[in-house]
Amino acid sequence: MSSVSLEHEDLADDLRRIRLGGRLDMVGVGEIELRFTSLAASKPVGVLVDLSGVTFLASVGLRSIIHSAKALDMKGGRMALLVGDNALVQSTLETVGIADIIPVFTEEAAALDSLGAGAH
Amino acid sequence: MSAPPAPGSLFLEIHADPLEFRRASCWLRESGAALAVPEEQIDRLELCLNEVLANLVEHGGEAAAQHPIQLQLEAVPPPSGCGAQLVVSDSGKPFDSGQVSLKPMPDSLSEASPGGLGLRLVKAFSDGMAYRVLDGRNELRIAMHWTPES
Numbered sequence: 361m362s363s364v365s366l367e368h369e370d371l372a373d374d375l376r377r378i379r380l381g382g383r384l385d386m387v388g389v390g391e392i393e394l395r396f397t398s399l400a401a402s403k404p405v406g407v408l409v410d411l412s413g414v415t416f417l418a419s420v421g422l423r424s425i426i427h428s429a430k431a432l433d434m435k436g437g438r439m440a441l442l443v444g445d446n447a448l449v450q451s452t453l454e455t456v457g458i459a460d461i462i463p464v465f466t467e468e469a470a471a472l473d474s475l476g477a478g479a480h
Numbered sequence: 107m108s109a110p111p112a113p114g115s116l117f118l119e120i121h122a123d124p125l126e127f128r129r130a131s132c133w134l135r136e137s138g139a140a141l142a143v144p145e146e147q148i149d150r151l152e153l154c155l156n157e158v159l160a161n162l163v164e165h166g167g168e169a170a171a172q173h174p175i176q177l178q179l180e181a182v183p184p185p186s187g188c189g190a191q192l193v194v195s196d197s198g199k200p201f202d203s204g205q206v207s208l209k210p211m212p213d214s215l216s217e218a219s220p221g222g223l224g225l226r227l228v229k230a231f232s233d234g235m236a237y238r239v240l241d242g243r244n245e246l247r248i249a250m251h252w253t254p255e256s
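Residue numbers (our numbering), protein chains in the order written: chain A, 361 to 480; chain B, 107 to 256.
A hint or two may mislead.
[As the list claims (entries may be wrong)] Reference listing, derived: stretches of chain A covered by chain B, where coverage requires no fewer than 3 residues with Cβ under 8 Å from a Cβ of chain B:
hint, stretch
1, 376-389
2, 418-429
3, 457-464
These aren't lab readings, by the way, just hints derived from the structure by calculation. Predicted model, so just to flag it, every value in this text is computed and none were measured. We treat Cβ as the ideally placed atom computed from N, Cα and C, and that holds for glycine.
With the hints as extra help, turn the sequences into a complete structure.
Right under this line is the structure:
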């Protein structure tokens, strides 16, 4: 069974992309939570969190995303979520109402536009 | 879950440890495939199972940690119907998730609360839940139903 992965790339001074993959269950989140929150909420930038490679998203993963989004918001940054064609992850986000408070996109270009990064 | 195993059902016993939950997920996927449960229903059952087990670790108390958790998956084959039932039996503190009211959905990020997400997922992704205490153990039944075409 796959574990979890985390990669990040600074697309511009004010724009960061974080790719999460694998299983965001208790074990997986425990492996990446501190690093994820540090990358997502350390400075007031736009943060695109790519969840399209997530194979399993449990509530512990949702809590981590909410926690980081709130911390980023308090610093003046913004978060958007990218799900691609990952229907299960999208359904999970919609079920708990996260899709209503953090923008969720299926296309990366639209997600970047929402963060004011249309030129990237 | 003191009754003998029913035909067409599969069992697993695990401990209340997050690493064991991954073993339970593997078992559920393999058992679901063996019982011809569709992939979509297995995905939903796996999420429900994970949330119930996570809740046990966080709120089940010492008794939940000291005694094994028993899992059973059974399926109703066509033409009787298309359904599956996951039974989770544990020795933790009694908790009837069906009696718990869900918090309102948040209107903004600042209102978002990390609590209650797991229960909301279980209620939304299952087609029915039933709870009882049997022989001093909690028994939660999570049901899924589908049409043959789904």
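Evaluation of the provided hints:
{"no.": "1", "hint": "376-389", "verdict": "holds (count 4)"}
{"no.": "2", "hint": "418-429", "verdict": "holds (count 8)"}
{"no.": "3", "hint": "457-464", "verdict": "holds (count 5)"}
Going through the hint list in order, the structure satisfies each hint without exception.
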